[in-house]
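Asks: Okay, here's what each chain looks like letter by letter:
Protein chains: 2
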Amino acid sequence: MIDLKNIKSPADLKGKSLSELEELAESLRTVLLRKLSVHGGHTGPNLGFLEATVALHYVFNSPVDKIVYDVSHQSYVHKMLTGRIDAFIDPTKYDTVTGYTNPGESEHDFFTIGHTSTAVSLAGGLAVARDMKGETANIIAVVGDGSLGGGEAFEGLDTGATLKSNFIIVVNDNDMSIAENHGSMYDNLRLLRETDGKAADNFFKTLGYDYLYVPYGNDLKSLIAAFERVKDTDRPVVVHLNTQKGKGFAPAEANREMFHYAAPFNLETGAMSGSDAEGYDDIFSNFMLARMQANKLVAVITAGTPGVLGFTPQKRHQAGSQFIDVGIAEQEAVALASGMAKGGCRPVFGVVSSFIQRAYDQLSQDVAINGNPVVLNIFYGGINGMTDVTHLGWFDIALISNIPGWVYLAPTCKEEYVSMLDWAIKQTSHPVAVRVPGIMASSKREFPADYSELNKSEVVTNGSDVAVIAAGTCLQVAMEAADTLRAQGKNITVVNPRYLSGLDVELLDSLKDNHQLVITMEDAVLDGGFGEKVARYYGDSDMKVKCCGVKKEFLDRYNVSEVMVASGLTADSIVALINS
Amino acid sequence: MIDLKNIKSPADLKGKSLSELEELAESLRTVLLRKLSVHGGHTGPNLGFLEATVALHYVFNSPVDKIVYDVSHQSYVHKMLTGRIDAFIDPTKYDTVTGYTNPGESEHDFFTIGHTSTAVSLAGGLAVARDMKGETANIIAVVGDGSLGGGEAFEGLDTGATLKSNFIIVVNDNDMSIAENHGSMYDNLRLLRETDGKAADNFFKTLGYDYLYVPYGNDLKSLIAAFERVKDTDRPVVVHLNTQKGKGFAPAEANREMFHYAAPFNLETGAMSGSDAEGYDDIFSNFMLARMQANKLVAVITAGTPGVLGFTPQKRHQAGSQFIDVGIAEQEAVALASGMAKGGCRPVFGVVSSFIQRAYDQLSQDVAINGNPVVLNIFYGGINGMTDVTHLGWFDIALISNIPGWVYLAPTCKEEYVSMLDWAIKQTSHPVAVRVPGIMASSKREFPADYSELNKSEVVTNGSDVAVIAAGTCLQVAMEAADTLRAQGKNITVVNPRYLSGLDVELLDSLKDNHQLVITMEDAVLDGGFGEKVARYYGDSDMKVKCCGVKKEFLDRYNVSEVMVASGLTADSIVALINS
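As given, the protein sequences belong to chains A and B, one line each in that order.
Under the working numbering, think of the first position of the first sequence as 1, with each following residue one higher.
Under the working numbering, think of the first position of the second sequence as 1, with each following residue one higher.
To be clear, the hints were calculated from the coordinates, so they are not data collected in a lab.
Remember, predicted model here, so these are calculated numbers, not experimental data.
A portion of the hints provided could be inaccurate.
Residues of chain A placed beyond 12 Å of chain B at every Cβ, according to the derived structure [to be verified]: (1) 26; (2) 87; (3) 96; (4) 116; (5) 152; (6) 193; (7) 228; (8) 268; (9) 307; (10) 346; (11) 364; (12) 480; (13) 536.
Each computed DMTMM-like pair below joins lysine to aspartate or glutamate, with the alpha-carbon atoms no more than 20 Å apart [stated by the list, open to error]: (14) B:544 with A:107; (15) A:296 with B:131; (16) B:14 with B:95; (17) A:544 with A:556; (18) B:544 with A:415; (19) A:164 with B:187; (20) A:551 with B:187; (21) A:205 with B:187; (22) B:247 with B:232.
Each residue gets a CB set at the ideal place from its N, CA and C atoms; glycine is no exception.
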């Protein structure tokens, strides 16, 4: 076992023999697995790209040569080799690095990346800049097979191949996306693997790339030879690596989907810790399975993240052809859904808040202008969503609500969530998005079966002087504040707006009678959000309005409670605001 | 010459002989050209796809068989054959049809389409729906070569080829986008044309499509034979047509870019009417040419619309490699620009307001999170932009301004426009978007060379009681209103906010001293826009706020003046509001 502490930079790899590099790789894997087993993280992708990363840094001269990782969830080993080994050796420093490339951490990282299919375009931009400056350097994009199905990757490949200079695309083909791949291009990748890269039909060659196939993508010797062959090339070239996702850890090799992103696990058995509590993924998948069974025209769509939707392999099997995975291609998911809805089906696209923004134009043009009754189920919206800067869940309200035609619903608890989702599927008058609550909550309130009277709010408690209009998950907080205030002798009004995409003007007008202040609460960015609509509505009246929500900024790996406080979304802060 | 009045539906084509169909095509061309010469419109695309449209409707059985046109700017002949011939024969009815497919007009139109690269996905959805319902019908997507470079089209092709059923993609390859094509896939299309479709490298085959090449894509006999061959196929198939853009009108065949979308023209000579007045396209292109000459690291990027940017073929030649056309691939344009900016270049992406929404995620993830100083130049923003429902220019403020990090500037006249664009390129601290004013205006006011003190407004006239904060083009209207009011003895304050992405809170606070009402004006949708930020800021103060702007809705081919009035964006309505 090599003492990895001595690996301060890629320079420390130079001059090593193959066997020394192999020993290094083994040590890296041991250390990496130890961290992952305790800390969790993207396990399969990093184990699978470990040797390739070593080979890249052995052959190329980072940061003069520039490596751009797609999604960059596979960049852990890159971090280990570029001055950040402590964050993988020392448990007290595990959280000193992010899970993605980060220019703030190292000159070897060029972009903060977290979404799919962007690396070829970004690296292409670096290549164009290099050429405009008359410099020379290798520009390398590392992109997984799963990422190649996204439109941005195709656009990047299409432009990249027109470069008359060095541009190296390393395709890390582990025959997997997050789950299994979907899309016809994967048949071509399979064909290339099965023919040792020699098949006449070659996707990359039709786009004009030189092409090099590496059948043993976890073999250091093969990798080094391949990278040395393309180093300093004066042409765009694809190096197609056949890699093993989860390489070197049997449970991850066997269960590639589960170990794509792993919770802490047992290093001996691979047994993964996890919660047995019911989540919204369970509620969604069980509800949809029942609906699909009852109506053969109902379908669930995912863009490469079936697990987020609660659709385990078993549930996918149950759903059969009514479950459609288009690969990580959100534009296709939305546009396909529009066509399906037009054709009489009831498609429900389950998607992460941060990823729906990849399909704004499709939400507007393909769906809303056409009025096709597509249903969106938005996961991880709000402060309780994902905390990486590239996966923030607080832009979806401004994104969806301001497109004419979309009805955006904010259920406050699981019962309301189910009733809204149920209505969204049954009706065919509107495109409807449902924002999954940020926290699990249950309520004995009664919920309507019909939400077709748009923008009609629910008055949860009736009071005077102050009304709090609290969207989605915020309602619980508003109720807590109301309880506290009641104990102090103040009865405020609490409203569940239900709809994020429009105002209940009748209610807003009636509040003027005996209220002086309206507080809005939403766990999303204030700019472009729900509260501002309320503020505008009351703008020329005597009603005072105070909007509580997230400041317009990018935060990385934030603390949920701190952001709740900073956003004024705690019961204490609402009470204080009212008592001020 | 056939009397086209008798063509009421595709049924009227059935049973006709080839020579009768050829005669029909000639008549259609004559009538179409006559309308186009008077009315203007998409000339080259419709002339080039004329025979193919006749053949499609002869062979297939619309609307049971469903034809979905990409962009649908080439659907004029389709409209002529599906009950809408009057709109092409009778000059008084020329405007009774839109320039795109429109389900409101005919059961033969399935979607309202206007953006590029969507048809394969939408048609794919119809195909999935057909299969889920257990029906049979031909589903046909018509897509131009220029549209194939867009990521959504690739995603659609990738999913479409996985269908185990009928799915027909007609590729209308006229070897042109709006201007010339850019992207390596066009080398493959050229290779296929040059080898009569027989080249070993075949983009469509690598994606799993059956493939049929039609060398004479304007020859009815060939087209009918090809469509009959694929009709009722049980597999996804690409029919690759080699067509002539502008077919049958010599000036349009010779000058394909100019006649892509033509203003009215002389039927004999092809001479096109046009304005000699300086436009923002001229200002932008001349300014950028000078900047590019002075600094070899400045670059202009277009996503397939060089003409919009004022970059005529001659100016593109002048700019050389500093002018980059990525094809109609806005995601690539933005991500590439981010990479270029990171690499030390100064990329300026000139783009139509309605098309920048195709790259929301790239603006957020690839640019803003990374803080790379990309410059956007937004054309056709506002009510004075394009009036088709698919090309509305009033969503860009909500889209761009609410992304953290983006500085969105709204110049009010050409001098301010140039000073802001100049600063945007010189600075490297922020991604900056500049919204081209909606109308040509000139001002003798002085403009700073530096806009780095973010959100600092310009107080144009100092008054009391009422302040109008008027963004961009609206400033002129506010000044007119102020003049009228001055004559009535009222001195109002008029503010040019300059920035759409943030507030000048110091100024807003100072207005509280001697103002009771703030009116905001923006020629964009109110929801998520600039005015709402002002309303929120003043929400808990005594200041009254009234926001003027466009209602959140989709309008088609609207009357500019009417929308100005409805939005409260006229001098009269501002005066009336203040006097009320």
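Asks: Each hint needs a verdict: does it hold in this structure or not?
Replies: Right, here's what the structure says about each hint:
no.: 1; hint: 26; in the structure: 35 Å, holds
no.: 2; hint: 87; in the structure: 21 Å, holds
no.: 3; hint: 96; in the structure: 20 Å, holds
no.: 4; hint: 116; in the structure: 10 Å, violated
no.: 5; hint: 152; in the structure: 4 Å, violated
no.: 6; hint: 193; in the structure: 14 Å, holds
no.: 7; hint: 228; in the structure: 25 Å, holds
no.: 8; hint: 268; in the structure: 38 Å, holds
no.: 9; hint: 307; in the structure: 20 Å, holds
no.: 10; hint: 346; in the structure: 10 Å, violated
no.: 11; hint: 364; in the structure: 6 Å, violated
no.: 12; hint: 480; in the structure: 22 Å, holds
no.: 13; hint: 536; in the structure: 4 Å, violated
no.: 14; hint: B:544 with A:107; in the structure: 50 Å, violated
no.: 15; hint: A:296 with B:131; in the structure: 11 Å, holds
no.: 16; hint: B:14 with B:95; in the structure: 28 Å, violated
no.: 17; hint: A:544 with A:556; in the structure: 33 Å, violated
no.: 18; hint: B:544 with A:415; in the structure: 40 Å, violated
no.: 19; hint: A:164 with B:187; in the structure: 14 Å, holds
no.: 20; hint: A:551 with B:187; in the structure: 48 Å, violated
no.: 21; hint: A:205 with B:187; in the structure: 11 Å, holds
no.: 22; hint: B:247 with B:232; in the structure: 29 Å, violated
Going down the numbered hints, you'll see the structure goes against 4, 5, 10, 11, 13, 14, 16, 17, 18, 20, 22, while the others check out.
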